[in-house]
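Undergrad: Each chain is listed here by its residues.
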Amino acid sequence: MKRTISATVNNSTGVLNRITGLFSRRQFNIESITVGMTENPEISRMTFVVNVDSDRGLDQVIKQLNKQVDVLKVRDISDENIVARELALIRVVATPQTRGEIETLARPFRASIIDVGRESMTLQVTGDHQKVEAFIDLIKPYGLKELARTGTTALKRSSKKQSQDLHYSFIQ
Amino acid sequence: MVENQRDEGGTEMGTSVRTQAEKTANEQQTQKLNGSQIVLRALAEENVDIIFGYPGGAILPTYDEIYKMGIHHILARHEQGAIHAAEGYARVSGKPGVCVVTSGPGATNVVTGIADAMIDSLPMIVITGQVATNVIGTDAFQEADVVGVTMPITKHNIQLRDVNDIPRVMKEAFHIATTGRPGPVLIDLPKDVSTAIGEFKYPKQVHMPGYQPTVQPNRLQIKKVAAAVERAKKPVILAGAGVLHADGADELFEYATKQQIPVTNTLLGLGSFPGNHPQFLGMAGMHGLYAANMALHECDLLINVGARFDDRLTGSLNYFAPEAEVVHIDVDPAEIGKNVETAIPVVGDAKEALKSLSALDKAPVPYDEWHQHLRHYSDDYPLWYNDDGKTIKPQALLDMVYEETKGEAIVTTDVGQHQMWAAQYYRFANPHRWVTSGGLGTMGFGFPAAIGAQFAEPNRDVIAVIGDAGFQMTMQEMSILQELNLPVKIVIVNNASLGMVRQWQELFYEERYSHSLFPIQPDFLKLAEAYNIKAYKIEDPSEARATFQKGLKEDGPVLFDFRVTADENCYPMIAPGKGHHEMEGIRP
Ligand SMILES: Cc1ncc(C[n+]2csc(CCOP(=O)(O)OP(=O)(O)O)c2C)c(N)n1
Numbered sequence: 001m002k003r004t005i006s007a008t009v010n011n012s013t014g015v016l017n018r019i020t021g022l023f024s025r026r027q028f029n030i031e032s033i034t035v036g037m038t039e040n041p042e043i044s045r046m047t048f049v050v051n052v053d054s055d056r057g058l059d060q061v062i063k064q065l066n067k068q069v070d071v072l073k074v075r076d077i078s079d080e081n082i083v084a085r086e087l088a089l090i091r092v093v094a095t096p097q098t099r100g101e102i103e104t105l106a107r108p109f110r111a112s113i114i115d116v117g118r119e120s121m122t123l124q125v126t127g128d129h130q131k132v133e134a135f136i137d138l139i140k141p142y143g144l145k146e147l148a149r150t151g152t153t154a155l156k157r158s159s160k161k162q163s164q165d166l167h168y169s170f171i172q
Numbered sequence: 001m002v003e004n005q006r007d008e009g010g011t012e013m014g015t016s017v018r019t020q021a022e023k024t025a026n027e028q029q030t031q032k033l034n035g036s037q038i039v040l041r042a043l044a045e046e047n048v049d050i051i052f053g054y055p056g057g058a059i060l061p062t063y064d065e066i067y068k069m070g071i072h073h074i075l076a077r078h079e080q081g082a083i084h085a086a087e088g089y090a091r092v093s094g095k096p097g098v099c100v101v102t103s104g105p106g107a108t109n110v111v112t113g114i115a116d117a118m119i120d121s122l123p124m125i126v127i128t129g130q131v132a133t134n135v136i137g138t139d140a141f142q143e144a145d146v147v148g149v150t151m152p153i154t155k156h157n158i159q160l161r162d163v164n165d166i167p168r169v170m171k172e173a174f175h176i177a178t179t180g181r182p183g184p185v186l187i188d189l190p191k192d193v194s195t196a197i198g199e200f201k202y203p204k205q206v207h208m209p210g211y212q213p214t215v216q217p218n219r220l221q222i223k224k225v226a227a228a229v230e231r232a233k234k235p236v237i238l239a240g241a242g243v244l245h246a247d248g249a250d251e252l253f254e255y256a257t258k259q260q261i262p263v264t265n266t267l268l269g270l271g272s273f274p275g276n277h278p279q280f281l282g283m284a285g286m287h288g289l290y291a292a293n294m295a296l297h298e299c300d301l302l303i304n305v306g307a308r309f310d311d312r313l314t315g316s317l318n319y320f321a322p323e324a325e326v327v328h329i330d331v332d333p334a335e336i337g338k339n340v341e342t343a344i345p346v347v348g349d350a351k352e353a354l355k356s357l358s359a360l361d362k363a364p365v366p367y368d369e370w371h372q373h374l375r376h377y378s379d380d381y382p383l384w385y386n387d388d389g390k391t392i393k394p395q396a397l398l399d400m401v402y403e404e405t406k407g408e409a410i411v412t413t414d415v416g417q418h419q420m421w422a423a424q425y426y427r428f429a430n431p432h433r434w435v436t437s438g439g440l441g442t443m444g445f446g447f448p449a450a451i452g453a454q455f456a457e458p459n460r461d462v463i464a465v466i467g468d469a470g471f472q473m474t475m476q477e478m479s480i481l482q483e484l485n486l487p488v489k490i491v492i493v494n495n496a497s498l499g500m501v502r503q504w505q506e507l508f509y510e511e512r513y514s515h516s517l518f519p520i521q522p523d524f525l526k527l528a529e530a531y532n533i534k535a536y537k538i539e540d541p542s543e544a545r546a547t548f549q550k551g552l553k554e555d556g557p558v559l560f561d562f563r564v565t566a567d568e569n570c571y572p573m574i575a576p577g578k579g580h581h582e583m584e585g586i587r588p
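Keeping their order, the protein sequence lines are chains A and B. Mapped onto the UniProt record's numbering, the consecutive letters of the first sequence carry residue numbers 1 to 172. Mapped onto the UniProt record's numbering, the consecutive letters of the second sequence carry residue numbers 1 to 588.
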């Protein structure tokens, strides 16, 4: 099952290495990982999407992450009320004839055109995983020249509503 | 220096001069020092009284300060010797072992010991030299990415980049190594940082929001444990090394005897409960006692205190403690539920948890039937071996070592059959006398660990029980014995083979002894002679005891080369994939 885990960590050298090493050592498959500074430059937020086969496996991931001295806080936020976004940059074949069509397709996805050349154009789309997938599918028939995607980055929503069943038990 | 000046000021000069002297003293306290001096001052602040190490280019500035300050340092003959000695010291003293080595090859030579300390939760501080910061990453002479290499095998590691970080980093390192679940912390010290000038001001406290181990167990969970004990008919306590790390042997004794619950130990937990107590079932696990393993198999309540359910302990998890409600007390929350589903988790220090359990003041439930049942296992399936009267039986040898040292010695072992026989036959009655490499199973560990153990307890008998193969991995450390006349007694259990490997090949590989026999061996007596160490070779079982007694009385080091039955196997045993109830070799 796919889970989204959010962690805040000290922004110290090697912390990303430390954490990805931990995942691979324990045979957890990371689907995506994003890292960036938070409002506090000494603290970074990491968002992982991992594929685990059991609650117990997930429990281990979180506990092992918690053991790291540089990890401040870890949460499985999959079942919480969150905002999650990915970004994709797509360079697609675009002739003067097809440009208009592509633009029309981009509009409902709020994808923006960020570069136009003689034979291609580059689009940028952000959204949740499904939306980005759907847009890429739609654009694919024109001929993808290059594609770059980020992983998911996520935050809890400010509203209080939360799902009841957290998928790991934090033992105390 | 500072102290002296203050004294002089007080005795020989007037009060005003004394104030002046004190002022100078204060100035000196925050005086500018170089990085190496700061490191050593920090070690002094942490009451480190011995360093095990080996010098080299990148760490030379630090060694220069060691020379100038006259710090107690033990020069090993290989870095692996240094780190295992530091481990032995940590195990026996309960204080962190400190190991200082140079960059590159010096650092990579301690990797095995770091991994060993990590898996056995030993508090260690490892300081590695590193090339100067301006050439880090250029594949400079003797450069290795030691922080990268040791990331998965340290509790924490860090590379110093700024001389002014040293006091904080050192303070944090000791704090991390010794609190919560203990472990090794590595500090990588680039050469230029060790010579840069900074200020020494040792912090009084650490501030690490990401590191807050839980020491006090949750009261509610403790009550749940007590309720489970009341419900149980067949409870058993499995005590691991966590009890020893928490210094909780007394608390374990109090709780277990008060509640009259039978106790078994993991390999590393030996000594946490008296080995000759009627409630003690012996060691559990692959080469544990049948009674102990059957207790785990049949119990309805399993209270694990400070053990991590290692696979050598549990046997196949498919058959592990099938009837039991499992309580797991551990200071490391990640251990709970890692291997075995837990009904009542308790995060906290073993000592504190046992104290809180005893404090609940529950009347004991006698469990008479259960005790009787287990006694029948103990009586009917004791440890056994066949004595042929012609060769020295390794089991008899270990039994003799136990008797002759009255069970009071510190025993270190290497890894293999002799290790299991020592665990079986040396009925440890006290904590911190058993030093063995459990989790990593590191050959080469036992002999240097004995050296460290002897430094931790200079007045106690230290017996290094070593296989003929493992001894050949780190025997160069005999130099330390010679140099310092350390009274370590080396007992080589010489079966002219990699005994445990040979046993597995016999049992599971149809006697294909692929590279496990030593048809030709060095003359250990001559080797000992080369190091000026007294040595005996003993082949005749009738001479074993007298020779051992004689050697034991010697003031200095002694090496005993006991030639034992070559093809003896270690029983009882749980074969791979089998459960506790399926032990082999429980009877002659
Ligand atoms: C460094 C290392 N290499 C290999 C092994 C695998 N191994 C486990 S026991 C053993 C044989 C040990 O032989 P010896 O030291 O003579 O002890 P014995 O089993 O004969 O008592 C070996 C090779 C190990 N544990 N450690």
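Warning: the hint list may mix true and false statements.
[Unchecked claim] Using 25 angstroms as the maximum straight-line C-alpha spacing, the simulated DSS-like pairs for lysine-lysine come out as follows:
hint	chain 1	residue 1	chain 2	residue 2
1	A	Lys73	B	Lys171
2	B	Lys224	A	Lys63
3	B	Lys224	A	Lys73
4	B	Lys338	A	Lys2
5	B	Lys338	A	Lys63
6	A	Lys131	A	Lys2
Just so you know, the hints here were simulated from the structure itself, not pulled from any lab data.
Undergrad: If a hint holds in the structure, say so; if it doesn't, say that too.
TA: These are the hints, each one checked on the structure:
1. Lys73/A - Lys171/B: Holds - the C-alpha atoms of Lys171/B and Lys73/A are around 23 angstroms apart, at most 25 angstroms.
2. Lys224/B - Lys63/A: holds, 23 angstroms
3. Lys224/B - Lys73/A: violated, 28 angstroms
4. Lys338/B - Lys2/A: holds, 20 angstroms
5. Lys338/B - Lys63/A: holds, 10 angstroms
6. Lys131/A - Lys2/A: holds, 17 angstroms
The structure shown violates just one earlier hint, number 3.
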